[in-house]
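A.B. asks: This is what each chain is made of:
There are 2 protein chains.
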Amino acid sequence: MRSFQYHNPTRIIYGEGEYKNIGKEVAGFGSKVLLVTGKSSLKRSGYFDQVVSSLREAGCRVSVLEGVEPNPRLGLCLKGAELCRRERIEVIAAVGGGSVLDTAKTIAVAALDTGDVWDFFLCKRKITGALPLVTMVTMAATGSEFNTNAVINNEQTGQKYAIHSEHIFPKVSILDPLLSLSLPADQTAYGAVDILSHIIEGYQTAPGKAPLSDRIAEAAMKETMLWARRALDAPQSKEARGNLLWCSSVALGGWTWNGWGPTTFHAHTIEHEISAATNCAHGAGLAVVLPAVMRFHSRNNAAKLAQLAQRVFGVTRYWNDTAEALALRGVNGFKRWLASIGCPVTLGELGVEETQIPEYARKIALNPEAGELDAAMAEEILRFAVG
Amino acid sequence: MRSFQYHNPTRIIYGEGEYKNIGKEVAGFGSKVLLVTGKSSLKRSGYFDQVVSSLREAGCRVSVLEGVEPNPRLGLCLKGAELCRRERIEVIAAVGGGSVLDTAKTIAVAALDTGDVWDFFLCKRKITGALPLVTMVTMAATGSEFNTNAVINNEQTGQKYAIHSEHIFPKVSILDPLLSLSLPADQTAYGAVDILSHIIEGYQTAPGKAPLSDRIAEAAMKETMLWARRALDAPQSKEARGNLLWCSSVALGGWTWNGWGPTTFHAHTIEHEISAATNCAHGAGLAVVLPAVMRFHSRNNAAKLAQLAQRVFGVTRYWNDTAEALALRGVNGFKRWLASIGCPVTLGELGVEETQIPEYARKIALNPEAGELDAAMAEEILRFAVG
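Line by line, the protein sequences give chains A and B.
Residue numbers for the first sequence follow this note's numbering, so the first one is 39 and each next one is one higher.
Residue numbers for the second sequence follow this note's numbering, so the first one is 39 and each next one is one higher.
Same shape as in the complex, but just chain A (with noise of 0.2 Å):
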């Protein structure tokens, strides 16, 4: 195992009707909430009010920032954290998807600092501190509401970046099934393949041997497949929401990859510039993109996903397979795991053109989290991805 460093202080509070005490949980870090949500579903599900009583119950002065989108973006934070200063909020409460989530950790941040908040963004400051956050997510997919990342587009500069700081972990999140069985089967797909994306990046390109790690990984991606298929069958299964929910607070909440040294992400640096363009949703160009990543590294890095192949895909070893053809059974097969479950496979099904690809690859290239991944490595991957 490589030296690692595990710290994970976030409160998890799961379990059928546990939206009823977000108010309780709030009250303990501050009176003057920011209650940060989505777009209508909230509302349209009833649950909305049902929050902003509970807060009110518990004693605390609500205001609310609503009409967080898929691919967040900056302008909203800039506004509540402006909105945190003038109400001089001490809390945040976030209620939605992993945008909702991001925005609000992107305002804990932002309501502290005087200066320009994309800095962070572009690695040019570095996070001192952030407003307590507490969350109640309504969709299994980014982890958001147990590890330090938020992503956020600058819609300004067109970029799609992320951040990283433990001053962001929540200091509770509350994992409550029944918010998320009205979730429509595309979003639950989705969020299925970003869970699923969270573990096999860092599994795929690990270049530790950490053994218990794998089998954690191993463990949620298992669990995560078996539970969306469930969750497509069966919308209303408050057992099948509350699994995928758990499923995806565990793939990026830091079990997983203990002692497999520094990993890469590039599924995710690819995608974020493809949703920045085209708009699409993660999990759906994580869908595409993903398993034209693991291709990519079923060259150098065989071993490990022909052991993706066995232990999670089921794939059968004969005698005479290389590691290398195990491994590509395994992506081929889930790639028809994803297609059959409703996702986009290929570019085209998202609107993007073959000719754009070294376009796309050269925007790629610029992300400051980039790393080795150049705009010739992003090609090959992307062509990867178009049949």
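Simulated from the structure, these hints should not be mistaken for lab results.
Check the hints yourself; a few may be wrong.
Said to hold, decoys possible - The calculated lysine-lysine pairs, modelled on BS3-like cross-linking and capped at a C-alpha distance of 30 Å, are:
1. B:LYS162 / A:LYS276
2. B:LYS260 / A:LYS247
3. B:LYS58 / B:LYS209
4. B:LYS209 / A:LYS209
5. B:LYS260 / B:LYS342
6. A:LYS209 / A:LYS81
7. B:LYS401 / B:LYS162
8. B:LYS62 / A:LYS164
9. A:LYS260 / B:LYS260
10. B:LYS62 / A:LYS209
11. B:LYS58 / A:LYS164
12. A:LYS77 / A:LYS58
13. A:LYS401 / A:LYS117
14. A:LYS62 / B:LYS164
15. A:LYS81 / A:LYS117
16. B:LYS58 / A:LYS247
17. A:LYS58 / B:LYS58
18. A:LYS209 / B:LYS164
19. B:LYS70 / A:LYS247
20. A:LYS373 / A:LYS260
21. A:LYS209 / B:LYS401
22. A:LYS62 / B:LYS342
23. B:LYS164 / A:LYS58
24. A:LYS342 / B:LYS276
25. B:LYS58 / B:LYS70
26. A:LYS276 / A:LYS58
27. B:LYS260 / A:LYS342
28. B:LYS276 / A:LYS247
29. B:LYS209 / A:LYS247
30. B:LYS162 / A:LYS162
31. A:LYS209 / A:LYS164
32. A:LYS81 / A:LYS247
33. B:LYS247 / A:LYS260
34. A:LYS164 / B:LYS247
35. A:LYS62 / B:LYS58
This structure is a prediction, so every number in the text was calculated from the model and none was measured.
Could you slot chain B onto chain A? The hints should help.
C.D. replies: Coordinates of chain B only, in the frame set by chain A:
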């Protein structure tokens, strides 16, 4: 999945040579340090002097409390607490096995308390605070470096009881494989049994279905068995020692049981009485008692034990197998494995006579954590451990 709360704020620092950084980590919490350690092995290996140097170089004033023994005693904890008050200790550093860590945790609580600290073990009062604690564990076993538990022997009353409190989560725990290279074979094996028992006890009695937790638990069990064998075959293997250390932290760090609902730890409750009386190693006692408890649960929880047998112990299912038959084959195989790594598997090997069973059973039922484990159940279980 049943409702659950998960919270574990301990920062884990894993790596070869990380022991040198203990001073820096401890100094973050104060400069007046109580260093708690065991008997001579740490001094013989030369690590003790290096730890003290690291602490002094970081600007700490070090008071030392040495001589913690296996089955750690309350008297030494009280002495340590008195030392803390006299020397105005700000932070405790614990370097050793589980006994050292549990002693340090108890001192951390007792130093801030004016009453009888045994009240907390008898569940008469609730712990409200503790000094900050940094640990460096030299043996893979109790997982005390990553949890809220401490088990102490009261030599006055003959009781061996536990406390559980979020206040005694270590702030930082360093896992350095170098420190456990010299661990003798018997303690290596007993440590592995302790790790496995921490997982199996909950796994086999979980009333709730939590498939991801099941798989994480199975992951930790498989890797523990694999690396225990390897550490016995090649005691100087840093890979084996490191993997065992991490398995031990994960086993009792709260990752494996989320959604299981309330579980029982009867093997621990029974074993504490046996080691309190015979002074046998905790892991040796568990090797005798745990298979007996597993056999007991094979009746009322056959499906779960059958899953354990198939997924972890490699038992094959034949067409006409009942769950109970599979479960029992698993238990018998596990017992053979325990014997194969040099563990006792019968009460006789611990010096406990069959005629003493009723007396033990009576005492076991008095443990405040015994719950449904009454004298009759304890006697039935102990009789399974005779032959």
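A.B. asks: Are the hints correct? Go through all of them and say.
C.D. replies: Cross-check of the supplied hints:
1. Our distance criterion of 30 Å between C-alpha atoms is broken by B:LYS162 and A:LYS276, whose separation comes to about 39 Å.
2. Between B:LYS260 and A:LYS247 the CA atoms are separated by roughly 16 Å; this keeps the pair inside 30 Å, and the hint holds.
3. With a CA separation close to 17 Å, the supplied pair B:LYS58 and B:LYS209 stays within the 30 Å bound.
4. Restraint check: the Cα-Cα separation between B:LYS209 and A:LYS209 comes to about 16 Å, which is no more than 30 Å; the hinted pair holds.
5. Only pairs whose Cα atoms come within 30 Å are accepted, and B:LYS260 paired with B:LYS342 is accepted, the gap being roughly 16 Å.
6. About 25 Å separates the Cα atoms of A:LYS209 and A:LYS81, which keeps this hinted pair within 30 Å; it holds.
7. For the suggested pair B:LYS401 and B:LYS162, the alpha carbons sit about 19 Å apart, so the restraint of at most 30 Å is met.
8. At most 30 Å may separate the alpha-carbon atoms for a hinted pair to count; B:LYS62 and A:LYS164 meet this at roughly 22 Å.
9. With a C-alpha separation of about 17 Å, the suggested pairing of A:LYS260 with B:LYS260 holds against the 30 Å cut-off.
10. Between B:LYS62 and A:LYS209 the CA atoms are separated by roughly 26 Å; this keeps the pair inside 30 Å, and the hint holds.
11. A hinted pair counts as satisfied when its Cα atoms are at most 30 Å apart, and B:LYS58 with A:LYS164 qualifies at roughly 27 Å.
12. Proximity of A:LYS77 to A:LYS58 is assessed by CA-CA distance (about 20 Å); at most 30 Å being required, the pair is judged to hold.
13. As the CA atoms of A:LYS401 and A:LYS117 are separated by approximately 28 Å, the hinted pair is consistent with the 30 Å bound.
14. With a C-alpha separation of about 22 Å, the suggested pairing of A:LYS62 with B:LYS164 holds against the 30 Å cut-off.
15. Between the alpha carbons of A:LYS81 and A:LYS117 the distance comes to roughly 21 Å, so the proposed pair stays at or under 30 Å and holds.
16. Of the pairs offered as hints, the one joining B:LYS58 and A:LYS247 holds, with about 24 Å between alpha carbons and a cut-off of 30 Å not exceeded.
17. Of the supplied pair hints, the one linking A:LYS58 and B:LYS58 is violated, its CA atoms being roughly 47 Å apart against a limit of 30 Å.
18. Distance restraint check for A:LYS209 and B:LYS164: the Cα-Cα separation of roughly 24 Å lies within the 30 Å cut-off, and the hinted pair is therefore satisfied.
19. In summary, the hint linking B:LYS70 to A:LYS247 is not supported, as the alpha carbons are separated by about 39 Å, beyond the 30 Å threshold.
20. Taking the CA atoms of A:LYS373 and A:LYS260, the gap is near 15 Å; set against the 30 Å cutoff, the hint holds.
21. Restraint check: the Cα-Cα separation between A:LYS209 and B:LYS401 comes to about 43 Å, which exceeds 30 Å; the hinted pair is violated.
22. The straight-line distance between the Cα atoms of A:LYS62 and B:LYS342 is roughly 36 Å, outside the 30 Å bound, and the hint therefore fails.
23. Between B:LYS164 and A:LYS58 the CA atoms are separated by roughly 27 Å; this keeps the pair inside 30 Å, and the hint holds.
24. The hinted pair formed by A:LYS342 and B:LYS276 meets the criterion: a straight-line CA distance of about 22 Å does not exceed 30 Å.
25. Taken as a hint, the B:LYS58 and B:LYS70 pair is honoured in the structure, with Cα atoms around 19 Å apart against an allowance of 30 Å.
26. A C-alpha spacing of about 17 Å is found between A:LYS276 and A:LYS58, which places the hinted pair at or below 30 Å, so the restraint holds.
27. Using a Cα cut-off of 30 Å, the hinted pair B:LYS260 and A:LYS342 holds, with the two alpha carbons roughly 19 Å apart.
28. Between B:LYS276 and A:LYS247, the direct Cα distance comes to roughly 13 Å. Compliance with the 30 Å bound is thereby established for this hinted pair.
29. Of the pairs offered as hints, the one joining B:LYS209 and A:LYS247 holds, with about 27 Å between alpha carbons and a cut-off of 30 Å not exceeded.
30. About 54 Å separates the Cα atoms of B:LYS162 and A:LYS162, which puts this hinted pair outside 30 Å; it is violated.
31. The hinted pair formed by A:LYS209 and A:LYS164 meets the criterion: a straight-line CA distance of about 20 Å does not exceed 30 Å.
32. As the CA atoms of A:LYS81 and A:LYS247 are separated by approximately 47 Å, the hinted pair breaks the 30 Å bound.
33. Taking the CA atoms of B:LYS247 and A:LYS260, the gap is near 16 Å; set against the 30 Å cutoff, the hint holds.
34. At most 30 Å may separate the alpha-carbon atoms for a hinted pair to count; A:LYS164 and B:LYS247 exceed this at roughly 43 Å.
35. Distance restraint check for A:LYS62 and B:LYS58: the Cα-Cα separation of roughly 43 Å exceeds the 30 Å cut-off, and the hinted pair is therefore not satisfied.
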